[in-house]
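**Q** Protein sequence lines, in the order shown, are assigned to chains A and B.
Remember, my numbering sits 5 above the position in the first sequence when you count from 1.
Remember, my numbering sits 315 above the position in the second sequence when you count from 1.
It is possible that part of the hints are untrue.
Result set (SDA-like, lysine to any residue): computed pairs, CA atoms no more than 25 angstroms apart in a straight line [stated by the list, open to error]: (1) LYS248(A) to ASN225(A); (2) LYS8(A) to ASP362(B); (3) LYS331(B) to ARG214(A); (4) LYS328(B) to PHE14(A); (5) LYS343(B) to MET230(A); (6) LYS44(A) to ASP362(B); (7) LYS328(B) to GLN11(A); (8) LYS196(A) to HIS255(A); (9) LYS8(A) to GLY378(B); (10) LYS226(A) to TYR153(A); (11) LYS216(A) to SER347(B); (12) LYS328(B) to PRO20(A); (13) LYS8(A) to LYS44(A).
What the simulated footprint calls covered on chain A by chain B, stretch by stretch (three residues with Cβ under 8 angstroms from a Cβ of chain B suffice, anywhere in the stretch; the number is not a length) [stated by the list, open to error]: (14) 20-27; (15) 30-43; (16) 171-184; (17) 211-221.
None of these hints come from the bench; they were simulated from the model.
The C-beta atom is built at its ideal place from N, Cα and C for all residues, glycine as well.
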Amino acid sequence: MRKELQKYFRNDKLPHIWCPGCGHGIITGAVVRAIDNLKLNQSKVCIVSGIGCSSRAPGYMNFNTLHTTHGRALAFATGIKMANPDLKILVLTGDGDCSAIGGNHFIHAARRNIDITTIVFNNSIYGMTGGQYSPMTPKAAFATTAPYGNIDRNFDLCKLAQSAGATYVARGTVFHVPQLIKLIEKALKHKGFSLLDVVDICPTYFGRRNKMSSPIAMMNKIREMSVTVRSASKMSEEELSGKIVIGEFHEERVPEYTEEYAKVIEKAQGGN
Amino acid sequence: MTQKNIKIYIDEKACKKCGLCIAFCPKKVYGSEGGKPVIVNLSACTDCKLCELRCPDYAIIVGGENIE
Numbered sequence: 006m007r008k009e010l011q012k013y014f015r016n017d018k019l020p021h022i023w024c025p026g027c028g029h030g031i032i033t034g035a036v037v038r039a040i041d042n043l044k045l046n047q048s049k050v051c052i053v054s055g056i057g058c059s060s061r062a063p064g065y066m067n068f069n070t071l072h073t074t075h076g077r078a079l080a081f082a083t084g085i086k087m088a089n090p091d092l093k094i095l096v097l098t099g100d101g102d103c104s105a106i107g108g109n110h111f112i113h114a115a116r117r118n119i120d121i122t123t124i125v126f127n128n129s130i131y132g133m134t135g136g137q138y139s140p141m142t143p144k145a146a147f148a149t150t151a152p153y154g155n156i157d158r159n160f161d162l163c164k165l166a167q168s169a170g171a172t173y174v175a176r177g178t179v180f181h182v183p184q185l186i187k188l189i190e191k192a193l194k195h196k197g198f199s200l201l202d203v204v205d206i207c208p209t210y211f212g213r214r215n216k217m218s219s220p221i222a223m224m225n226k227i228r229e230m231s232v233t234v235r236s237a238s239k240m241s242e243e244e245l246s247g248k249i250v251i252g253e254f255h256e257e258r259v260p261e262y263t264e265e266y267a268k269v270i271e272k273a274q275g276g277n
Numbered sequence: 316m317t318q319k320n321i322k323i324y325i326d327e328k329a330c331k332k333c334g335l336c337i338a339f340c341p342k343k344v345y346g347s348e349g350g351k352p353v354i355v356n357l358s359a360c361t362d363c364k365l366c367e368l369r370c371p372d373y374a375i376i377v378g379g380e381n382i383e
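Sequences are here, hints too, so could you generate the full structure?
**A** Pasting the structure below:
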C-alpha cells in the first residue's frame with residue numbers, strides 16, 4: 006500500500022477477509038483516496054456501517070468507526086450527527102442492508118436531508134449469508150434463494166433516493182475508479198444527504214450463480230453495461246434496458262437538518 | 316521528452332491472485348505466473364495507475380515516488 010494512505014488503515018487488521026476479486030476492497034480504497042484528496046481531518050470523520058460483507062469496511066479503517074446492527078447504520082449515523090454536527094459522517098452499507106433491512110431509515114434520512122454521505126456497496130446479493138437475492142438483485146438473475154431466476158423487480162436506488170429527498174445522488178462502479186473517487190469527493194463536499202450507489206462485484210456468490218465466476222468476467226460485464234448520464238439521455242428506454250447509467254443524477258441546495266435543528270434549540274432557549 | 320522512470324511495486328503477500336490488474340491493464344504490462352501478476356512490459360507503462368486503483372487488496376503501487 007502507498008505510504009501516504011497507510012495512516013487511514015488499521016494495518017494490523019489487514020489483509021482483509023474479502024474474497025479474491027471482491028470489489029469491496031476497491032471501494033474502500035476509493036473512499037480513503039477521496040478522503041486523502043480532500044485532506045479531511047481524520048479525527049473529525051466518523052464511519053458507520055450495518056451488517057454484511059460491505060459493513061466490515063470500517064473495521065479496517067483508522068477513523069472513528071461504528072459497526073452497528075443490520076440496516077440501522079443510518080439510524081446510528083443520524084444520532085451521531087445530531088449529537089455532534091461537526092463530524093463528517095460516512096455510512097458504508099450494502100445493497101441489502103440499505104434497501105431492505107434499512108429501507109425505512111434510508112428514505113427518512115434522505116427526506117430529512119441530514120448531512121450524511123451514504124456509500125452503497127451494491128453487489129446485488131447478500132454475500133455474507135450465502136448469496137440470497139436482495140431488493141437490488143436484477144430481475145431474472147440467479148441467487149441461492151432464486152434457483153430459477155429472480156422474479157422480483159429490483160430497486161433503482163438512485164431514483165428512490167431522489168424521490169425521497171436526497172440532495173446529492175450519483176452512481177459509480179468499481180471498474181471506473183478514477184471517476185468513483187471524484188464522485189465520492191463530491192458527495193463528501195455536499196452539505197446534506199448524499200447517496201452514492203456503487204455497482205460492485207461479488208464473484209463468489211453473484212458471479213458463480215450467474216455464469217461469471219471470475220472477477221474479470223464480472224468487471225467486463227460492468228464495462229459493457231455502463232453508459233454515462235449524458236449518453237443515456239439520448240437513448241430510448243429500449244436501448245437502456247440492461248444498462249447501468251453512471252454519473253451524477255441530482256444535486257440541489259436545501260436547508261440541512263442539523264442546522265435547522267440548531268435554530269430550534271436557539272429559539273427554545275430564548276434567542277430570536 | 317524525458318526518460319520515463321516508472322516503478323511498479325507488487326506486494327506478493329497481499330496479492331490474492333484475482334487477476335484484475337493483468338486483465339485490465341490498458342498496455343498489457345503484466346503477465347501471469349500462477350495467477351500472480353509479473354511485470355513483463357514495464358516500458359509500456361504510462362503511469363495511469365488503474366491497476367493500483369483497481370487492486371482490491373492494495374498490493375500494487377505504481378509511480379516513481381514512495382516505493383521502497
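**Q** Would you mind marking each hint as holding or not holding in the structure?
**A** Hints versus structure:
no.	hint	result
1	LYS248(A) to ASN225(A)	holds (13 angstroms)
2	LYS8(A) to ASP362(B)	holds (17 angstroms)
3	LYS331(B) to ARG214(A)	holds (21 angstroms)
4	LYS328(B) to PHE14(A)	holds (17 angstroms)
5	LYS343(B) to MET230(A)	holds (23 angstroms)
6	LYS44(A) to ASP362(B)	holds (23 angstroms)
7	LYS328(B) to GLN11(A)	holds (16 angstroms)
8	LYS196(A) to HIS255(A)	holds (13 angstroms)
9	LYS8(A) to GLY378(B)	holds (12 angstroms)
10	LYS226(A) to TYR153(A)	holds (21 angstroms)
11	LYS216(A) to SER347(B)	holds (23 angstroms)
12	LYS328(B) to PRO20(A)	holds (9 angstroms)
13	LYS8(A) to LYS44(A)	holds (15 angstroms)
14	20-27	holds (count 7)
15	30-43	holds (count 5)
16	171-184	holds (count 4)
17	211-221	holds (count 3)
Hint check: no violations occur; every hint is consistent with the structure.
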